[in-house]
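Chemist: So you can see what is in the structure, the chains are spelled out below.
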Amino acid sequence: MEKHVVVIYPHPDDESFGAAGTIAQFRTQGVSVTYLCGTLGEMGRNMGNPPFANRETLPEIRKQELIEACKVLDMELSMLGYRDKTLEYEDRQEVAMHLKSILDEMEPSLVITHYPGYAVHPDHNALGAAAIEAVKLMEPGKRPTVWAQAFSNNFKEALGQPDINNDISDQIDKKIEAIFCHDSQAGGVISQRNKTENNKIDLKAEAQKQMGQEQFYTWDFNS
Amino acid sequence: MKPIEINKVQEKLENYVNKDVYVHLETTNGAYASHVNKNAYNVGAYIRNAKVTFKQAKIVGSENVYRVGLKMEMGWIYAEGLTDYTMHEDTKLLLAGHDREGRLMVSLQISETPFNY
Chain A
1 MEKHVVVIYP HPDDESFGAA GTIAQFRTQG VSVTYLCGTL GEMGRNMGNP PFANRETLPE
61 IRKQELIEAC KVLDMELSML GYRDKTLEYE DRQEVAMHLK SILDEMEPSL VITHYPGYAV
121 HPDHNALGAA AIEAVKLMEP GKRPTVWAQA FSNNFKEALG QPDINNDISD QIDKKIEAIF
181 CHDSQAGGVI SQRNKTENNK IDLKAEAQKQ MGQEQFYTWD FNS
Chain B
1 MKPIEINKVQ EKLENYVNKD VYVHLETTNG AYASHVNKNA YNVGAYIRNA KVTFKQAKIV
61 GSENVYRVGL KMEMGWIYAE GLTDYTMHED TKLLLAGHDR EGRLMVSLQI SETPFNY
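Protein chains in written order, with this note's numbering: chain A, 1 to 223; chain B, 1 to 117.
DSSO-like, lysine-lysine: derived pairs with alpha carbons at most 27 Å apart: (1) A/63 with A/204; (2) B/38 with A/156; (3) B/2 with A/63; (4) B/92 with A/63; (5) B/19 with B/92; (6) B/58 with B/12; (7) B/19 with B/55; (8) A/209 with B/38.
Here are the in silico distance ranges between beta carbons for each label pair: (9) A/52 with B/42: 19 to 29 Å; (10) A/122 with B/116: 16 to 26 Å; (11) A/93 with B/75: 33 to 43 Å; (12) A/117 with B/45: 20 to 30 Å; (13) A/223 with B/44: 28 to 38 Å; (14) A/122 with B/64: 25 to 35 Å; (15) A/138 with B/60: 52 to 62 Å; (16) B/75 with A/2: 53 to 63 Å.
In short, the hints are calculated from the structure, not lab data. Computed from a predicted structure; not experimentally measured. C-beta atoms are modelled at their ideal positions from N, C-alpha and C, and glycine is treated no differently.
Starting from the given sequences, assemble the full structure and let the hints guide the process.
Modeler: What follows is the structure, encoded as structure tokens:
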């Protein structure tokens, strides 16, 4: 059984869309989970529909949404203070050292992050790469397992089938509750995936259809 | 934000003329554009807290979609597709264009003090 799981993603809502079911499963097993959230999604273009946020109020709104989602998922939250859309321009080694200092203290048994190069958003790829670098910098005996999440259109052709395929249908209600804490983002994200306008579909039904499974690749540090 | 009222926004713009101001100018179609549509391109640009002075400012448009041009000593600042505005913290003029699902496509913001960074 895992001892402590640390989730490292760059945006408020990545945890809910990407791993809420897995997080909820760990919590029901009594495993503690911490989310290291890289940014506040300051540059997001979803402002709610109809819009209730603007470019200047969005960070605080997303911060509150994030805090609510972490309450729903019953996990600890630590905000890393980077800025949305800039992570790939930060010094990779510096970000890795920052993450390593946190991981050294938390001593997780498992880290969940994005698969660099196969996670679509530049922030996902950059923070995933820094997280993996951080674990590489640890002594081999002290390294946590790393689960990396890929979802680019070509990921299965390039990487093969993920080895971790979590059926999260027992936690789908919890996942949807977490997603909809992100009121400014949820509708826009779900409808974009469905390629429809978000006032024309049942968002919760659509989310259930899209999200029964969460997949990850166990990172191989020996290759 | 609320739909642009052209006369009110013109008046707000003029309050910033011939002053040192900070500008946020942005356009985006999101980081997932080509992910969800192979024929689309990811295109975006932003500049935050550019310190400028403009000597003329004008909002033009019709049918609820507007353009703003700011004339500087050596050049121009321009934004197209603006639909909504608000005064943030009473002193910062925020203009933005949203698509029919409320997503921000373009923004032009002007303030005498820097925007949070």
